[in-house]
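*Asks:* One letter stands for each residue in the lines below.
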Amino acid sequence: DAKTTQPTSMDCAEGRAANLPCNHSTISGNEYVYWYRQIHSQGPQYIIHGLKNNETNEMASLIITEDRKSSTLILPHATLRDTAVYYCIVRVLTGANNLFFGTGTRLTVIP
Amino acid sequence: GAGVSQSPSNKVTEKGKDVELRCDPISGHTALYWYRQRLGQGLEFLIYFQGNSAPDKSGLPSDRFSAERTGESVSTLTIQRTQQEDSAVYLCASSPHGGGYGEQYFGPGTRLTVT
Chain A
1 DAKTTQPTSM DCAEGRAANL PCNHSTISGN EYVYWYRQIH SQGPQYIIHG
51 LKNNETNEMA SLIITEDRKS STLILPHATL RDTAVYYCIV RVLTGANNLF
101 FGTGTRLTVI P
Chain B
1 GAGVSQSPSN KVTEKGKDVE LRCDPISGHT ALYWYRQRLG QGLEFLIYFQ
51 GNSAPDKSGL PSDRFSAERT GESVSTLTIQ RTQQEDSAVY LCASSPHGGG
101 YGEQYFGPGT RLTVT
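So the protein sequences, as listed, match chains A and B. Using my numbering, the first residue of the first sequence is number 1, and each one after it goes up by one. Using my numbering, the first residue of the second sequence is number 1, and each one after it goes up by one.
If you're looking for bench data, these hints aren't it; they were derived computationally from the structure. Hints are supplied without guarantee of correctness; some may be wrong.
As the list claims (entries may be wrong) - Distance ranges between label pairs, derived from CB positions: (1) A:Asn-53 with B:Pro-8: 41 to 47 angstroms; (2) B:Lys-15 with A:Thr-79: 41 to 47 angstroms; (3) A:Thr-56 with B:Pro-96: 40 to 46 angstroms; (4) A:Asp-11 with B:Arg-38: 23 to 29 angstroms; (5) A:Gly-15 with B:Asn-52: 45 to 51 angstroms; (6) A:Asn-19 with B:Thr-13: 41 to 47 angstroms; (7) A:Asn-53 with B:Pro-96: 39 to 45 angstroms; (8) B:Ser-73 with A:Glu-58: 36 to 42 angstroms; (9) A:Val-92 with B:Ser-27: 42 to 48 angstroms; (10) A:Asp-11 with B:Glu-20: 40 to 46 angstroms; (11) B:Glu-20 with A:Val-92: 29 to 35 angstroms; (12) B:Ser-58 with A:Asn-54: 33 to 39 angstroms; (13) B:Ser-58 with A:Asp-11: 38 to 44 angstroms.
Stated by the list, open to error - Chain B is nowhere near these chain A residues, computed Cβ spacing over 10 angstroms in every case: (14) Asp-11; (15) Glu-14; (16) Asn-30; (17) Asn-53; (18) Glu-58; (19) Leu-80; (20) Ile-89; (21) Arg-91; (22) Thr-108.
Claimed, not checked - Covered stretches of chain B, going by a simulated chain A footprint (3 or more residues, C-beta under 8 angstroms): (23) 60-72; (24) 104-115.
Where a beta carbon is used, it is the ideal one built from N, C-alpha and C, also for glycine.
Looking at chain B on its own, in the form it has when it is part of the complex (with noise of 0.2 angstroms):
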């Protein structure tokens, strides 16, 4: 079946704009996930939605960052005015479970550079 797709794969943009990155998961996964990825480090956690649960948006680094999920369907990420420590690929996961299930699964990412 088809997995997690996120879009757009690879996205440039100039210092200071904003960009939205969309993740589509696996249908009838109730839990979505998004991540960072650095070059060469591990996963940084952003935010979670469960449902139509208020999401955990502890992980956000800053309120540049915000997300929203569409019922148990498409999220999206925005960064506004986005910086050059903001380059990472960011990842989104599904999963089956809610209550932060340890079994994910992984879109292949976007790769956000900015210039």
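Same shape as in the complex, but just chain A (with noise of 0.2 angstroms):
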């Protein structure tokens, strides 16, 4: 699976979108980006995949660069409920039966 890089942490005001950048500049054709997040104490939480077209969920909106070599995950409106580390993945979309999490950013909606 490629490697992802994202920021360590960020800070989004409640009420406003927060868009959590990743990049994965050795990204293969066949590789899809994966997000999720995890709220502390809880599992994981599925949130989004795309190939390369930007697409669309109730949770979220996932915006991904022509050359795919980078991607944003936006939550329009975030919450405190928000609060959680984000993980972006890239991997093919079958045939791996284990998600390998990096480290993530950790993102505070501030009230």
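Now that you have both chains on their own, put them together as the hints suggest.
*Replies:* Structure, rendered in structure tokens:
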């Protein structure tokens, strides 16, 4: 799986959009970008994934650059409950039986 | 709908005792994973079940660890003769797709403490 680079921490004001960047310059053509988050003392939570087109679901939007070397997870209206560590993972769609979480970005939503 | 559930939520055991951890996946999910997460660390893959296929046990750290799954339902992870280094949160995840799919839904975990 390709390596990812994320900022260690970020702050976001409650109600504002949180934009979490991820660099994955060595991504392969068949690798997808996945985002998970882990709220303190809870299991990881799947957020979204995409290949090359931008994706949106009820939780977030995923913007992938045209060269696919970086992406941004957008939480449109951050709430205090969005405070968590966010993990960007690059991996194939199927065939890999594990998830490798790097260090992630610790997002703190500030009232 | 109901998510992945795990029991117990916390387990404290003495070194050398056996423990059994339970996972109830989301109904209809064909794939089930067990992971271990030590304090402040990332996920460590343990085992993967897909339908009636032979499980992928490549992540089990020693023969003290074993797991079973009945069809596409409940799974149990058993640790025999527990050691202090087994202390961790044990996470179960299920997926609606097989083949090692990346979209996985996690339970709250079982926090195991070996004294």
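*Asks:* It remains to establish, for every hint, whether it holds in the given structure.
*Replies:* Checked hints:
1. For the pair Asn-53 of chain A and Pro-8 of chain B, the beta carbons lie near 42 angstroms from each other, so the given range of 41 to 47 angstroms is met.
2. Between Lys-15 of chain B and Thr-79 of chain A the C-beta distance comes to about 43 angstroms, which sits within the given range of 41 to 47 angstroms.
3. For the hinted restraint 40 to 46 angstroms between Thr-56 of chain A and Pro-96 of chain B, the CB-CB distance of approximately 20 angstroms leaves it violated.
4. Checked against the hint of 23 to 29 angstroms, the pair Asp-11 of chain A and Arg-38 of chain B passes, with Cβ atoms roughly 27 angstroms apart.
5. For the hinted restraint 45 to 51 angstroms between Gly-15 of chain A and Asn-52 of chain B, the CB-CB distance of approximately 49 angstroms keeps it satisfied.
6. Between Asn-19 of chain A and Thr-13 of chain B the beta carbons are some 44 angstroms apart, a value that agrees with the proposed interval 41 to 47 angstroms.
7. Hint check: Asn-53 of chain A to Pro-96 of chain B, Cβ distance near 21 angstroms, so the stated range 39 to 45 angstroms is violated.
8. Evaluation of the 36 to 42 angstroms hint for Ser-73 of chain B and Glu-58 of chain A yields a failure: the beta carbon distance comes to about 28 angstroms.
9. Evaluation of the 42 to 48 angstroms hint for Val-92 of chain A and Ser-27 of chain B yields a failure: the beta carbon distance comes to about 27 angstroms.
10. The hinted window of 40 to 46 angstroms between Asp-11 of chain A and Glu-20 of chain B holds, with their beta carbons roughly 42 angstroms apart.
11. For the pair Glu-20 of chain B and Val-92 of chain A, the supplied restraint of 29 to 35 angstroms holds, since their beta-carbon distance comes to about 33 angstroms.
12. Ser-58 of chain B and Asn-54 of chain A have their C-beta atoms about 35 angstroms apart, which keeps the hinted 33 to 39 angstroms range intact.
13. At about 40 angstroms, the CB distance of Ser-58 of chain B to Asp-11 of chain A agrees with the hint of 38 to 44 angstroms.
14. At roughly 21 angstroms from the closest C-beta of chain B, the C-beta of Asp-11 of chain A stays outside 10 angstroms, upholding its exclusion from the interface.
15. With a closest Cβ-Cβ approach of about 25 angstroms to chain B, Glu-14 of chain A is found to remain outside the 10 angstroms limit, as its non-interface label requires.
16. Under the 10 angstroms C-beta cut-off, the non-interface status given to Asn-30 of chain A relative to chain B holds; the minimum distance is some 12 angstroms.
17. A cut-off of 10 angstroms between C-beta atoms confirms that Asn-53 of chain A is not in contact with chain B; the least separation is 16 angstroms.
18. Once the 10 angstroms rule is applied to beta carbons, Glu-58 of chain A is consistent with being away from chain B; the minimum gap is 14 angstroms.
19. Here Leu-80 of chain A stays apart from chain B, with its beta-carbon at least about 20 angstroms from theirs, past the 10 angstroms limit.
20. With a cut of 10 angstroms on Cβ distances, Ile-89 of chain A falls inside the contact zone with chain B, its closest approach being about 7 angstroms.
21. At roughly 6 angstroms from the closest C-beta of chain B, the C-beta of Arg-91 of chain A falls inside 10 angstroms, breaking its exclusion from the interface.
22. The Cβ of Thr-108 of chain A lies farther than 10 angstroms from every Cβ of chain B, with a closest approach of about 17 angstroms, so its non-interface assignment holds.
23. Restraint check on the stretch 60-72 of chain B versus chain A: 0 residues with Cβ-Cβ distances below 8 angstroms, three needed, restraint violated.
24. For the stretch 104-115 of chain B, the assignment as covered by chain A holds, since 6 residues bring a beta-carbon within under 8 angstroms of that chain's beta-carbons and 3 suffice.
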